[in-house]
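Enquirer: Given chain A, put chain B in place with the hints provided.
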Amino acid sequence: MKIFQQSTEFDYSWEEVSTSNWRKYGPWNEKTPHVIAVDTIARTVDPQTGIVSPNTTSALSSVLTASQLRTERLITCRQSTPKWINSLLGGQETSHVYETSYVDPSAKRVTLCSMNMTWSDLLNVRETCIYEPSASSPTQKTNFMQRAEITALCGGWQKIRNSIEQFTVERFQQNAAKGREGFEMVLETSRRAFQEQRDLLRLQQDSKILKEIRM
Amino acid sequence: MSASLAPECNEVKERYDSCFLKWYSEKFLRGTSTSDECDPLFKQYEKCLSRALKDRGIDKMLKEAREDNRENDAEHMRSKR
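Chains A and B, in that order, are what the protein sequence lines are. Anchor point for the first sequence: position 117 equals 117 in full-length UniProt numbering, and the numbering is continuous, going up by one each time. Anchor point for the second sequence: position 70 equals 70 in full-length UniProt numbering, and the numbering is continuous, going up by one each time.
You can trust all of the hints, since none of them are fake.
Footprint (simulated), chain B over chain A, 3 or more residues, beta carbon under 8 Å:
1) 28-41
2) 67-76
3) 103-117
Hint data in this document are derived by calculation from the structure and do not stem from the laboratory. All C-beta atoms, glycine included, are put in the ideal place defined by N, C-alpha and C.
Here chain A stands alone, though its shape is the one from the complex (with noise of 0.2 Å):
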């Protein structure tokens, strides 16, 4: 098994960027044309109950605190490995992610657990991702973790299995940089979108009241 870890910063909220999160593979971001689809296929809202601290009058009572969502989507790659890859592991020209989801509103996190679909008789990745407020300034930045854990399970030939874990990593390693420089492309553009939209509010609600004024 192979590990690759890393963690960054963006300069946004982690109310922006969990948002963001949903269109990361958007037409907004021009470095991930390897990701030809994003389905979601099931999503459930959990009301969560929790307890109020007993420094109240009354015993302990139960609220309703924010729920938490929880997302399973498909994600469908183009093929990119080399060949010498994809044909020793069956060549085929899509691969399907299947990925879980956990935003905890309340907590701040954003949780997101990924797998391969294909092949995984013979390669098992293991990615885990958390998206939480930075802790230098939580209002303003956030912080990103990346963990894979990547598992050749090919019986037989040890150095086989390591070159296709090796070459994992490294892909893991320039998919990375790509990943977060795509992600910054999706974040500006969806503050510059959400600001014209309250741009353009704000103006019609000065034109109701100029009307009314006039009236």
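Expert: What follows is chain B alone, placed relative to chain A:
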């Protein structure tokens, strides 16, 4: 938003995705909603997609992935702790 792997589902997917994003940023994150109001649109999208997944044989792979994911649910779902 991104495309669907099934082009025939793109239209309903787009409608669902924009509904979801609005709900997520305006209600869910602010804690003013405990239910997903885009669910009726999701049902339509899901209907289209499940057919496509079956046709492409992805549904079987998906079932295995879901089995493998149980430990993640156990770890990350607060309600199951």
